[in-house]
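Asks: Let chain A serve as the given structure and place chain B with the ligands on it in line with the hints.
Just so you know, the sequences run in chain order A and B. Residue numbering for the first sequence follows my numbering, starting at 35 and increasing by one per position. Residue numbering for the second sequence follows my numbering, starting at 32 and increasing by one per position.
Please keep in mind that the hints were generated in silico from the structure rather than gathered at the bench. In this text, all values refer to a predicted model and were calculated from it rather than measured experimentally. Some hints here could point you the wrong way.
[Stated by the list, open to error] 20 Å max Cα-Cα, derived SDA-like pairs, lysine to any residue:
| # | chain 1 | residue 1 | chain 2 | residue 2 |
| --- | --- | --- | --- | --- |
| 1 | A | Lys-102 | B | Asn-60 |
| 2 | B | Lys-39 | A | Lys-220 |
| 3 | B | Lys-39 | A | Arg-100 |
| 4 | A | Lys-157 | B | Asp-58 |
| 5 | A | Lys-157 | B | Val-89 |
| 6 | A | Lys-75 | A | Arg-100 |
| 7 | A | Lys-102 | B | Ala-40 |
| 8 | A | Lys-156 | B | Asp-58 |
| 9 | A | Lys-157 | B | Tyr-62 |
| 10 | B | Lys-39 | A | Lys-75 |
| 11 | A | Lys-220 | A | Glu-112 |
| 12 | A | Lys-156 | B | Ile-35 |
| 13 | B | Lys-39 | A | Asp-110 |
| 14 | A | Lys-102 | B | Val-89 |
| 15 | B | Lys-39 | A | Asp-251 |
| 16 | B | Lys-39 | A | Asp-138 |
| 17 | B | Lys-39 | A | Asn-150 |
| 18 | A | Lys-102 | B | Arg-88 |
| 19 | A | Lys-199 | A | Lys-144 |
| 20 | A | Lys-144 | B | Asn-60 |
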Amino acid sequence: MNTDSVTNAIPSNVPAHLVQDFDLWAALTAQGENAYAWAAKLHESMPPIFWVPSLGFLPGTWIPRRSKDLRRILQDPETFSSAGLTPYPMLLGESWRLAPLEVDPPVHAKYRALLNPLFTPKKVNALEEDIRQLATQLIDDIAQTGRCDFNEDFAKPFPTLIFLKLMGWPLADRPLFQHWTQTLIKSSDPQVVTDNAREITGWIRARIAECRANPGDDFTSYLLASQIDGRPLTDDEMLGINFLIFIGGLDTVTSTIGLFFRHLARNPEQQAQLRADPSLIPDAVEEMLRSYSIVNMRRTVTRDVQIGEATMKKGDIVLISTELANLDPEVFDQPEKVDFLRSAGHAPHMAFSYGVHRCVGSHLARRELRIALELWLTKVPPFRIATGTTPRFNAFGIFGMEELHLEWDVEETR
Amino acid sequence: MKIIIDNKACAGHARCNEVAPGLYELDDNGYISTAGFDVEVGQQALARRGARACPERVIHIVDEPANPPGNGLNKGQKQ
Ligand code: HEM
Ligand code: SF4
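So that you can see chain A by itself, here it is in the shape it has in the complex:
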């Protein structure tokens, strides 16, 4: 082991038997379609909390695997801080932050209060028709073709259109946003990420200026009219919130839908189960959110703390792996098994995090996923992985399907 390297040196508070020298994300990516079954096995082979010397381009980090420990960490933001954990403002040499994601309590609640009323289950009910209509258009365009590039034809445009609609931004800018999502979140090249972050912030800043001059009824105008502590938001705060909704609400849904549809394409009997009884779809959404969780967050330890065997020191980084929590055999029997009837969907999972940062878009995301399944299963005949193609899974950043092509039999007479 090279103790000269700053990032890979094992800190003195980490005992040797807790060090596991593998890169979780690289290993999951290499496992491909087997990734989640492999992750479930880590519960048998790893200590409850272990330490990896590196993770992608990130430095060493603690990885707790048990749901119980992860809940405890997420519910204690004083000890486990979210501040400064995304690279974007730093890459640009700027000082705004993604609010409320990178803001700790008590200030967190002030930003969160601006967003909460916009994303309640009731508000999402009001969006149902729009979501249905956007999905219907996309599906009608491909239903008769018998084959599709699932990402390009559905998984990317669907949440992007809903996002633009929700924000009150021009739907015509969809290709631009799709391009930005891909390059910002999926690229491992810092230069590409920086260039794109600059373009996006440029677009958002221009939008803010426009709305300031000419307020409409869009999201940006809503923020401009909002207050924190009795004062209007600064341009940096406006930027941080807008940027966050952009990175939080697009790729997450794209990635999740991709994993759902790969599962259904690979498991025709479960596809048939949902076609036969569409009332199972909400439970299926919960079970697939559990089985195919895609987000890995991080927290910084703010004061020395002991969890089980792990002595965490101030400044240590902790990975919050939603997939490990959701594959914990202490909580879910046979966690690697996808079972739409599992406790009728009532066993809570951690796909949307726990605690104050609980995904504000969770109700919207669930609705998008439910509608996508409902409409696909009514409008498209039984689908499978397209012949001659191989689905490609990537566990870098936000986990998801890099490549997914589907095909189905089209009736001649229609």
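Replies: Chain B with the ligands in isolation, oriented as in the chain A frame:
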């Protein structure tokens, strides 16, 4: 049977409301709007399911003889 909710720790998952809509009401921000209520006899299973669905585990069940229906102490009442 009584439901006690540590509503300060509610994170707004709204799963309680999804599973047992008539029992667990949400406020305009999508968070739980009550600190607890007495459960009518016929609703106990539903109330339990809603409590179990809470990812934050802030809904607690206190088992005690249920109040008879219609005594004014039923669902949605703040304690
Ligand atoms: C299946 C889709 C989605 C998944 C799996 C997901 C997952 C998550 C997770 C795990 C967090 C917590 C991060 C943390 O604890 O540090 C989070 C936060 C957040 N998500 Fe989502 N999300 C999804 C969709 C959405 C959508 C559609 C939106 C918005 C329209 C959205 C907006 C946000 C925002 C603003 C936050 C920050 C909340 C805070 O820090 O208080 N997400 N999401
Ligand atoms: S499920 Fe729990 S955290 Fe969610 S709204 Fe209900 S009480 Fe709050």
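Asks: Now, for every hint given, state plainly whether the structure supports it.
Replies: Going down the list of hints, with the structure as the test:
1. A:Lys-102 - B:Asn-60: Distance of about 27 Å is beyond 20 Å: violated.
2. B:Lys-39 - A:Lys-220: violated (37 Å)
3. B:Lys-39 - A:Arg-100: Given that 20 Å is the threshold and the Cα spacing comes to 25 Å, the pair is violated.
4. A:Lys-157 - B:Asp-58: holds (12 Å)
5. A:Lys-157 - B:Val-89: violated (24 Å)
6. A:Lys-75 - A:Arg-100: holds (12 Å)
7. A:Lys-102 - B:Ala-40: With Cα atoms ~17 Å apart, Lys-102 of chain A and Ala-40 of chain B stay inside 20 Å; holds.
8. A:Lys-156 - B:Asp-58: holds (10 Å)
9. A:Lys-157 - B:Tyr-62: holds (13 Å)
10. B:Lys-39 - A:Lys-75: violated (36 Å)
11. A:Lys-220 - A:Glu-112: Not OK: Lys-220 of chain A and Glu-112 of chain A at ~30 Å, beyond 20 Å, violated.
12. A:Lys-156 - B:Ile-35: The given pair, whose Cα atoms are some 24 Å apart, is violated under the 20 Å limit.
13. B:Lys-39 - A:Asp-110: Holds, at about 14 Å.
14. A:Lys-102 - B:Val-89: Holds: Lys-102 of chain A and Val-89 of chain B sit about 15 Å apart, inside 20 Å.
15. B:Lys-39 - A:Asp-251: Judged against 20 Å, a Cα distance of about 32 Å means the pair is violated.
16. B:Lys-39 - A:Asp-138: holds (16 Å)
17. B:Lys-39 - A:Asn-150: holds (15 Å)
18. A:Lys-102 - B:Arg-88: holds (11 Å)
19. A:Lys-199 - A:Lys-144: violated (25 Å)
20. A:Lys-144 - B:Asn-60: holds (13 Å)
Checked against the numbered hints above, the structure breaks hints 1, 2, 3, 5, 10, 11, 12, 15, 19 and satisfies the rest.
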